[in-house]
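K.L.:
Sequence:
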Amino acid sequence: MKIINAMVYTEEGVFARRDVYTDGEWIAETSTDGEILDGTGCYLIPGLTDIHFHGCVGHDFCDGTHEAMEAMAVYEASRGVTTIVPATMTLGRTALGAICRAAASYQSERGAILCGINMEGPFLSMAKRGAQNGAFVIGPDVELFREWNEASGHMVKLLAIAPEVPGMENLIRELKDEVVLSVAHTTANYEQAARAFAGGVHHVTHLYNAMTGLSHREPGVVGAAADNPQVEAELICDGVHIHPVTVRQTFKLFGDERIILISDSMEATGMPDGEYALGGQKVIKKGSLATLADGTIAGSVTNLMDCLRTAVREMGIPLTSAVKCAAVNPAKSVGIYDRYGSISTGKAANLVLLREDDLRTACVILRGKILTDRLTE
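Start counting the sequence shown at 52; every next residue gets the next number (our numbering).
Since the hints were made in silico from the structure, they are not lab data.
Just so it is clear, CB atoms sit at the ideal spot from N, CA and C, and this is done for glycine as well.
A hint or two may mislead.
What the hints assert, rightly or not - Straight line, CA to CA, 25 angstroms or less: simulated BS3-like cross-link-like pairs of lysine-lysine:
{"#": "1", "residue 1": "K420", "residue 2": "K303"}
{"#": "2", "residue 1": "K53", "residue 2": "K420"}
{"#": "3", "residue 1": "K179", "residue 2": "K333"}
{"#": "4", "residue 1": "K303", "residue 2": "K337"}
{"#": "5", "residue 1": "K420", "residue 2": "K398"}
{"#": "6", "residue 1": "K337", "residue 2": "K179"}
{"#": "7", "residue 1": "K398", "residue 2": "K53"}
{"#": "8", "residue 1": "K383", "residue 2": "K227"}
{"#": "9", "residue 1": "K398", "residue 2": "K383"}
Claimed, not checked - Restraint ranges, calculated between C-beta atoms of paired labels, are given here:
{"#": "10", "residue 1": "D409", "residue 2": "H294", "range": "42 to 52 angstroms"}
{"#": "11", "residue 1": "M177", "residue 2": "D70", "range": "26 to 36 angstroms"}
{"#": "12", "residue 1": "D89", "residue 2": "D409", "range": "37 to 47 angstroms"}
{"#": "13", "residue 1": "G325", "residue 2": "R197", "range": "33 to 43 angstroms"}
Let the hints inform the model, and build the full structure from the sequences given.
P.N.:
Written out as structure tokens, the structure is:
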């Protein structure tokens, strides 16, 4: 396939008008099949990678079934999210083991490519558990994590931890070279977070949410993360979790090299308003808001492509930065940038055409094939 007349997002992080070729499933120097796709009036960007979402279209990764994973993967791909690292919830030993085994055996050519697992807990702070089920929050257990990771075929890419919990420093020493450790659901102060970052942690789960904030005398996790140039931070730009001003200030504080856009979406995403579940707890979706019975925000109901649009349209983030944070940075963070995340020869031909006028999706290309050529929301 030859894609012509589009403004192409380059490895330099800018848009340039050039032709792009695919050969089967890969981006190539030339194409011999004669197929031409006209991208006039569109941006061509890499397919997005969501490294933190729980579910969509009535399914959750914690369902632990191939049916759920398939439905999620198909939906995500249709939205231009072509590589996924879905997240677990804090559950018991047996349940998490079953989810890991199901992911290890999942194979499909239909939807977004499953590239790993984000294990959000259970080594969290009870006080900042948010929508996580407190019945399953436990202390650090290195061997238990290794048991789960072995069951997954070593697919766990991210492990969320609360660094202030007793014994967590040992877990960090043991696992920092086996998995990306991420500060999450934590009461850690600046000093505790800074020690974790110095010890080998370099990721923060949904910055600002379920953690200590940033103030002039107590800089907390946010201040410690900003202070350490090796630390990357997830942001949920759904218009609910973080105020637009805070998003803009965070980009100034961290720069677009260190921010990763995530959706943190749950099973109500792509579904009508009503009652759903997250980690075994009842969630009510109303419009763009999903909450537990006590009003606690329970994930988002917005896919990552819509988060990108919100960041650009409503929060004033440049499109070039938003694409970097939703396609390039997440792929780098979980070690898949050699295959995904940029429009480069030899990488997977996972591409999205966005209309220049309103950023709506004009076309999704997955594994070198046109997945949809109709406009999607």
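K.L.:
Could you check the structure against the hints above and give me the numbers of any it violates, in ascending order?
P.N.:
1, 4, 10, 11, 12
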